[in-house]
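K.L.:
Chain residues, written in single-letter form:
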Amino acid sequence: MGLTKRIIPCIDVDLDENGEAAVYTGVNFENLEHTGDPVEMARQYNEAGADEFVFLDITASAEGRETMLDTVSRVADQVFIPLTVGGGIRTAADVRETLRAGADKVSINTGALMNPDLVNEGAASFGSQCIVISLDARRRFDEQGEHYARVDGESCWFECTVKGGREGTGVDAVAWAQEAEERGAGELFVNSIDADGTKEGYDVPLTRAVCESTGTPVIASSGCGGPEDVHEVFTDAGADAALAASIFHFGEYTVDDVKTYLDERSVSVRR
Amino acid sequence: MVDLAVVDYGINNLHSATRGLERAGADVEVVGSPNGLAGADGVVLPGVGAFGDGMENAGPFRGALTDVAAAETPLLGICLGMQMLLSKSEEAEHAGQGDAEGLGVVPGTNVRFRSAPTVPHMGWNDLTVERDHPVLDGIDGEYAYFVHSYYARPEDEDTVAATTTHGERFPSVVADDNVVGTQFHPEKSGETGLRLLENFVDFCAERRA
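Chains as they are written, first to last, in my numbering: chain D, 1 to 271; chain U, 1 to 209.
Just so you know, these hints were derived from the structure itself, not from any lab. Glycine included, each C-beta is placed from N, C-alpha and C at the ideal position. Hints are not guaranteed to be accurate.
To be verified - Here are the computed distance ranges between Cβ atoms for each label pair:
no., chain 1, residue 1, chain 2, residue 2, range
1, D, Gly36, U, Thr165, 32 to 40 angstroms
2, U, Gly167, D, Asp152, 31 to 39 angstroms
3, D, Arg271, U, Pro134, 22 to 30 angstroms
4, U, Glu72, D, Asp256, 39 to 47 angstroms
5, D, Thr91, U, His94, 28 to 36 angstroms
6, D, Ser73, U, Glu90, 35 to 43 angstroms
7, D, Thr91, U, Arg112, 31 to 39 angstroms
8, D, Ser61, U, Ser115, 48 to 56 angstroms
Stated by the list, open to error - So the derived list for chain U, only partly shown, Cβ under 8 angstroms to chain D, looks like this:
no., residue
9, Ser16
10, Gly104
11, Thr118
12, Trp124
13, Asn125
14, Tyr145
15, Lys188
16, Gly193
Full structure from sequences and hints, please.
P.N.:
Written out as structure tokens, the structure reads:
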């Protein structure tokens, strides 16, 4: 059979009004809605057949970080599948304490973009397998990029952004993905600002561009509206794994619904 | 209750292996010094990272681990921990540490994937059981979670208990009586992994009796 394509539910975790960790879901990185308890959700996804689990800390505060590490540790007690934790990881010490709390992998976004040596340092100290580089890309239809793709008949490049897509960096996302791979990233987590929250499908040109220019496993993220979108990003873009949040949170589809759809179309999944 | 010692030789995440074994019903002690292995009903050697570094860090445990193997106490090596059970590794040669010597309790060499579509082999892949062993009870054709670029090639084909295919067929479980190694991470392989850990705990209980 060989390796299967992976289905990865993701939860965004913030502090609620009582300072407790809670799951939120948003549209276009905004309008967050409270949807549940992280530990309980992780347990449910584990039982539902998720292949891995991603936990994003969106608190961005020191107090939040403490609570998050505690939550990560409680999730790790319940979930016997790989657990990736991201959000606010800026230093090797952050990587260390997140892994120590029970994460199998850390996802580093802005911290790596601002300090690319963090990728080398993390890979050397903890192994490439636990360093996931996450990028938030947006489409740009101008002449300032390095790697171009055709999107809606136009020439387009993808720019890395920070602050949830509100700020551009001028860095070409495909070039950054290649650099991150060279520096020792073990996986690439590709988010699309344009597709996020739309439920109209993953950004296939973006995902394909990263898959074709790197040899590192790619996790497609942002925009999933249903099983057909997952199928598309696997077969048309070549992603190794697909991440989804809201379709699972709001109970529109289960992980098994997605896997059944893929299985019926001869995409290998773990059942 | 079965008392298991998990060898702590300075790798970072022992959390999941420990929790998985506890879930499987064992009383687990994380042991940071070689004399802590004596008296355990079974020993678990986890592992992640490079072979040369792993052997160097685990150096102080070498004698204690070969004693465990010789005493017929169950010994489970996970991922790099499995590779460390063998005699040597191409990885150390590639890294210019050709003299890094494995434990040698399962004679053989760890080799790099030669015809795999992607290296590392990362994700869920299925197990084909080749030979019965108590730790594989109830497991065949199930999926397990792998992350590795090298794999164990034992000299004695009879010690290959399960295989997996990623471009080439490789041993995903080796077993020589009390010495068992899994290339995948049972503590990250959902129900299948927990089943294997439970089997290992039961195996330890039987051996003690």
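K.L.:
The structure should be examined with respect to each hint, and the outcome stated for every one.
P.N.:
Checked hints:
Roughly 39 angstroms separates the CB atoms of glycine 36 of chain D and threonine 165 of chain U, a value that falls within the hinted 32 to 40 angstroms. Restraint check, glycine 167 of chain U to aspartate 152 of chain D: a C-beta distance of roughly 37 angstroms satisfies the suggested window 31 to 39 angstroms. Distance hint check: the CB atoms of arginine 271 of chain D and proline 134 of chain U are about 26 angstroms apart, consistent with the given range 22 to 30 angstroms. A hinted range of 39 to 47 angstroms holds for the C-beta pair glutamate 72 of chain U and aspartate 256 of chain D, which are about 43 angstroms apart.
The hint said 28 to 36 angstroms for the Cβ distance between threonine 91 of chain D and histidine 94 of chain U, and at roughly 30 angstroms that hint holds. Range check, serine 73 of chain D to glutamate 90 of chain U: Cβ separation about 37 angstroms, and the 35 to 43 angstroms hint holds. Range check, threonine 91 of chain D to arginine 112 of chain U: Cβ separation about 32 angstroms, and the 31 to 39 angstroms hint holds. The hinted window of 48 to 56 angstroms between serine 61 of chain D and serine 115 of chain U holds, with their beta carbons roughly 49 angstroms apart.
A distance limit of 8 angstroms between C-beta atoms decides the matter here; for serine 16 of chain U the minimum to chain D is near 6 angstroms, and the interface restraint holds. Given the 8 angstroms rule on beta carbons, the hint for glycine 104 of chain U is violated: about 24 angstroms separates it from the nearest Cβ of chain D. A distance limit of 8 angstroms between C-beta atoms decides the matter here; for threonine 118 of chain U the minimum to chain D is near 7 angstroms, and the interface restraint holds. Proximity of tryptophan 124 of chain U to chain D holds as hinted, the smallest CB-CB distance being about 4 angstroms (cut-off 8 angstroms).
Among the interface hints, the one on asparagine 125 of chain U holds; its C-beta lies about 5 angstroms from the nearest C-beta in chain D, closer than the 8 angstroms criterion. With a cut of 8 angstroms, the hint placing tyrosine 145 of chain U at the interface with chain D holds, because the nearest CB-to-CB distance is about 6 angstroms. Residue-level restraint check for lysine 188 of chain U holds (minimum Cβ-Cβ distance to chain D is 5 angstroms; threshold 8 angstroms). Satisfaction of the interface hint for glycine 193 of chain U is found here, the shortest Cβ-Cβ separation to chain D being roughly 6 angstroms, below the 8 angstroms cut-off.
Going down the numbered hints, you'll see the structure goes against just number 10.
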